[in-house]
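There are 2 protein chains.
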Amino acid sequence: MEFLEELRLMKEQLKFEGRFRLPKNFSNVVLSGLGGSGISARIFQEIYSKKPVSLVEGYEIPDFVSPSTLFISMSYSGNTEEVLAAAKAAKKRKAHVVTISSHGLLEGYGDQHVKIPRPDLQPRSSLVYLLMPLLNSFGLAGPKEIRESYGLLSGLDGNPEECYRHARSIARSDAIPVIYGSFPFRAVAYRWKTQFNENPKILAYSSSFPELNHNDTMALAHTYKKNEFYFMVFASRDKRINDRIHVTEKLTRSKFNIINPKGTSQLSRILYLVHYGDYLSYKLSSIRGINPTDVSYIEKLKTMLKKPKEGRKA
Amino acid sequence: MEFLEELRLMKEQLKFEGRFRLPKNFSNVVLSGLGGSGISARIFQEIYSKKPVSLVEGYEIPDFVSPSTLFISMSYSGNTEEVLAAAKAAKKRKAHVVTISSHGLLEGYGDQHVKIPRPDLQPRSSLVYLLMPLLNSFGLAGPKEIRESYGLLSGLDGNPEECYRHARSIARSDAIPVIYGSFPFRAVAYRWKTQFNENPKILAYSSSFPELNHNDTMALAHTYKKNEFYFMVFASRDKRINDRIHVTEKLTRSKFNIINPKGTSQLSRILYLVHYGDYLSYKLSSIRGINPTDVSYIEKLKTMLKKPKEGRKA
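Taken in order, these protein sequences are the chains called A and B. Residue numbers for the first sequence follow this note's numbering, beginning at 1479 and rising by one. Residue numbers for the second sequence follow this note's numbering, beginning at 1479 and rising by one.
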């Protein structure tokens, strides 16, 4: 499928009613997911805070996983090896395991399964499909937020010009994008980083306020090669954070390109920014003449890992 | 104090016997800390997994914080505004609040306080002071690990030549350091990034295996300006991770500078790598002719934030 077509489908995913039943008396939540499928886990971790939420981004699970753990395994393909290993381990500890995938081996692993209705997207283009079951099950998205989000995503689909402007600026100097987020957009900043990696295939980095005021700030004032980077910063509704953004920019004589999230609800502001980054990174691929859907090296890597002898250095 | 003198003091901090009493029946742990003081929180979060551990890196605390939460506020100065705000909020929710600092306002905030015996270090040079109370209280460091760690840090103090070699390579091309960690060295990779920011004052970035195989990999294969970066990768004892490192390097035709952690225990391997990065970043400061202890911009920022009108753009 064409990448642009995938992007335009994102808003339709808001209608996905997939959900699971919350087990009685769970005391903590563990989300397992990597790459494109892991972003929805990160967004959920950032906005849900009624119980402790931990992320698993590898093969191993934490010691505390027990029957009182709600363990949610997320993999669009259903075949991510780290996620399968972690789900198996969680099952052994008798955690309540929920699996979310479009197909794949993961389907058989859990106590409950949520099936994503389309198996033909890029995992990173199914972000809303992976997010909705979490929002639906935990009661985090009402019809009003969904409607507002739908409108905002449609708006970007119809006119992504503002996003494209940044793509052209980045392309002009072959700049390395750096994205600065802050709550509730820390996961979104990381999402942008990964979209720059996978769509136009360039290195990119993200960090967040206020943490970066304790380290990056010194570098911003003194580093070599600052002009090789293109800084994009999400505006915040928290005055203390916005003060930090403006003071940091002024003090370190940096050029921050401020991105203003539209929307009134938290969810729609998050999804607006996600989609903004999708268009920006798509446009940069197209300027670079790079196919945004090509993830052949990630696939090759998986194949080579199955034959470790050939893959390893002597 | 001279920065090198501070570095040589790190091993002596292993003798710090500060600890706090674990409350009865706590069901989760929340650590609040930023910058240099936050690194110890991140290391603890990575190696302790008997209960869910969450990090707070801002003013706000999660909704689940309650009387069954062990809330640990960490600030070397005891005056970090985000940490003070979070401690106050945790107190209101009747969490069991432990404070760790060398002095400052934080001292009066908690149910228990651990006082760090020296107030005259850089916060980032007090990493082991901030870490030991956590290890001591949770029973994570026995005399054998402490002894081994002491020996390894002494070894680096006596001969940091290997670390210096990387500093010279980075300086030769004004490269931007990128550090790739993996469990149990994800926090260490981030520590290196922050040390590059604060000591030689250059931009630097970190990420971790296997997550980076789902995004950075495509960029490593295709990005512009790859030669502007200097990739350092921590070797792992997990064969699956080491396979990933070697396959990624080969497949994407990258140059990974492998750093081999010495030591047999997890703690000493972690601290060896931390200290390795300290020397590397110190040497780079000295080659650049930059004072590693100068954090004036971080201090100026704090002052300007207290007078927001002057700091803000019109």
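Certain hints may be false.
Given that identical chains are not distinguished, each listed pair holds provided it fits within a single copy or across any two copies.
Claimed, not checked - Lysine-lysine pairs mimicking BS3-like chemistry, simulated, CA-CA at most 30 Å apart:
id	residue 1	residue 2
1	Lys-1733	Lys-1704
2	Lys-1733	Lys-1780
3	Lys-1717	Lys-1566
4	Lys-1572	Lys-1740
5	Lys-1733	Lys-1778
Quick caveat, the hints were computed from the structure, so don't treat them as lab data.
These are the hints, each one checked on the structure:
1. Lys-1733 to Lys-1704: both (10 Å within a copy, 23 Å between copies)
2. Lys-1733 to Lys-1780: between (39 Å within a copy, 20 Å between copies)
3. Lys-1717 to Lys-1566: Between copies only: 19 Å across chains, 45 Å inside a chain, cut-off 30 Å.
4. Lys-1572 to Lys-1740: neither (43 Å within a copy, 37 Å between copies)
5. Lys-1733 to Lys-1778: For Lys-1733 and Lys-1778, the Cα distance is within 30 Å only across copies (19 Å; inside one copy 38 Å).
Checked against the numbered hints above, the structure breaks only hint 4 and satisfies the rest.
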